[in-house]
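A.B. asks: Model the full assembly from the supplied sequences, consistent with the hints where possible.
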Amino acid sequence: MAEPLDDYIDAVSKALALPIEEAWRPAVRANLEVSLRLGRLVDEFALPDETEPAPIFTA
Amino acid sequence: MSAKPEMTASEIASAVAGRKMSALAATEAALARIEQHDGILNSFTDVTAERARAKARAIDADIAAGKKVGPLAGVPFAVKNLFDVAGLPTRAGSKINRDLAPAKRDATLIERMEAAGAVLVGALNMGEYAYDFTGENIHDGPSRNPHDTTRMSGGSSGGSGSAVGGALVPIALGSDTNGSIRVPSSFCGIFGLKPTYGRLSRARSFPFVASLDHLGPFARSVADLALAYDAMQGPDADDGACTTRGLEPVTPRLDESISGLRVAIAGGHFQKNVFPEAVEAVSRVAQALGATQVVDVPEASRARAAAYVITTTEGASLHLDRLRKRPGDFDPAVRDRLIAGAMVPASLVDRAQKFRRWYRAQLAEIFRSVDVLLAPATPCTAPKLGQVNFNLDGVELPVRANIGIHTQPISFIGLPVVAVPVPLEPLPIGVQIICAPWREDIALRVAHALEKVGVVAAPAPRGF
Numbered sequence: 001m002a003e004p005l006d007d008y009i010d011a012v013s014k015a016l017a018l019p020i021e022e023a024w025r026p027a028v029r030a031n032l033e034v035s036l037r038l039g040r041l042v043d044e045f046a047l048p049d050e051t052e053p054a055p056i057f058t059a
Numbered sequence: 001m002s003a004k005p006e007m008t009a010s011e012i013a014s015a016v017a018g019r020k021m022s023a024l025a026a027t028e029a030a031l032a033r034i035e036q037h038d039g040i041l042n043s044f045t046d047v048t049a050e051r052a053r054a055k056a057r058a059i060d061a062d063i064a065a066g067k068k069v070g071p072l073a074g075v076p077f078a079v080k081n082l083f084d085v086a087g088l089p090t091r092a093g094s095k096i097n098r099d100l101a102p103a104k105r106d107a108t109l110i111e112r113m114e115a116a117g118a119v120l121v122g123a124l125n126m127g128e129y130a131y132d133f134t135g136e137n138i139h140d141g142p143s144r145n146p147h148d149t150t151r152m153s154g155g156s157s158g159g160s161g162s163a164v165g166g167a168l169v170p171i172a173l174g175s176d177t178n179g180s181i182r183v184p185s186s187f188c189g190i191f192g193l194k195p196t197y198g199r200l201s202r203a204r205s206f207p208f209v210a211s212l213d214h215l216g217p218f219a220r221s222v223a224d225l226a227l228a229y230d231a232m233q234g235p236d237a238d239d240g241a242c243t244t245r246g247l248e249p250v251t252p253r254l255d256e257s258i259s260g261l262r263v264a265i266a267g268g269h270f271q272k273n274v275f276p277e278a279v280e281a282v283s284r285v286a287q288a289l290g291a292t293q294v295v296d297v298p299e300a301s302r303a304r305a306a307a308y309v310i311t312t313t314e315g316a317s318l319h320l321d322r323l324r325k326r327p328g329d330f331d332p333a334v335r336d337r338l339i340a341g342a343m344v345p346a347s348l349v350d351r352a353q354k355f356r357r358w359y360r361a362q363l364a365e366i367f368r369s370v371d372v373l374l375a376p377a378t379p380c381t382a383p384k385l386g387q388v389n390f391n392l393d394g395v396e397l398p399v400r401a402n403i404g405i406h407t408q409p410i411s412f413i414g415l416p417v418v419a420v421p422v423p424l425e426p427l428p429i430g431v432q433i434i435c436a437p438w439r440e441d442i443a444l445r446v447a448h449a450l451e452k453v454g455v456v457a458a459p460a461p462r463g464f
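Protein chains in written order, with full-length UniProt numbering: chain E, 1 to 59; chain S, 1 to 464.
These are calculated hints, taken from the structure and not from any lab test.
Just to be clear, a hint being listed does not mean it is correct.
30 Å max Cα-Cα, derived DSSO-like pairs, lysine-lysine [said to hold, decoys possible]:
id, chain 1, residue 1, chain 2, residue 2
1, S, K272, S, K384
2, S, K4, S, K67
3, E, K14, S, K325
4, S, K95, E, K14
Bear in mind that the values here come from a model prediction, so they are computed numbers and not experimental data.
C.D. replies: So this is what it looks like as structure tokens:
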């Protein structure tokens, strides 16, 4: 049965020309689930629109 | 005079400069110890014996000619194998990088250590591409804990922790993106300095996460840590993130009183998910410093999450082409994490970098009323090699994902930290002495004061 992230993984894999063998897919999916879960924690935190990112480019 | 394993770098340099021992004798002693013990510890991947002998002879010739020698004269040291060493491919713990051309020039920090008289004796084992907290390596085998060789050295600078903890060399250099200096320091029972982000040049070292990468020293005493740190400071146009601040030597100030410094215990996130030994270690250090105040560090768990997002995405970007062309040559665990990192939406990375600025401001506010924060370096003492889970308060947790939970929220905003070893039985464990940006001097002075009263010390290796 297809997992919820599989379509996304397939699409990004194609877009980035990044091949994923079937044997790796469960581990890639599990890692992506962790990354997205932690990403959501960051996403949920409201920041003022004016917030600068930490790295600042100096011309 | 012959060099004994327990001699510190300061003692070796003093004996060499005072003509009581030759630099060559100190070098040969280190090479002999590596030969004798590294079969078990597996901390070295390259031993640069001929280069080391040539350098040592040159120092001895300078001394014989009456020339002034540097503060690290004749001190053997080794570097994590992501530092460029002229003549070696910079493998960074990988199989793939072994195909690189040999480096033409040493990393800046090696050049500075050698300019101070230190003698490079080799390159050290590490987790693949530094994406690791265990010190295990699928290609080179694990570096082993010097106090119990069935246990992890910690990573990713595992060889650095193992070599210094095992007293093969008095000083090693490593890198720390999320905890890779502080974790091996904790597991191997030694001192480690992760300086302020940008303090020490990363030029000619193999990167991992440009936003978070730091380089720094390991040693068996605070004086040695300060000697190495002082020798390596200074601007470097070859590293775009390196500070233009002038030298701020700490060695002459190590013995300054620490009375009056405001020391607090980091609360919240830093008091969760810890084993009793980590609680005991922080308690001993806090008690010795008279610290009772607990300061909550707001959103530290979220800071760890943001550090994770930046790490996995910048790491993926760094390795994208290798992931396409040579996926079968990666450690599968590293490869699968990096592929996943390549798939994280860019908007989350941008938010993580913006959150980083917000979080930095929160810590800056804390450091207006506090000079030092104390936190565990690791939640536990060294786990067994290959251990997958540990049980904390009846809950099974994955080892790899949790080793760095207390280091990540600190390196995320580049604060300077000295990891100090508390010599508990049966295994040592580290505590982080955390200070405001550019105040390595305070962290080192506090570490030195703790060392003087015997609360922290690098235990003699007894695992081999």
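A.B. asks: Determine for every hint whether it applies to the structure shown.
C.D. replies: Consistency of the hints with the structure:
no.	hint	verdict
1	K272(S) x K384(S)	holds, 22 Å
2	K4(S) x K67(S)	holds, 26 Å
3	K14(E) x K325(S)	holds, 15 Å
4	K95(S) x K14(E)	holds, 26 Å
The structure is consistent with each of the numbered hints, conforming to all of them.
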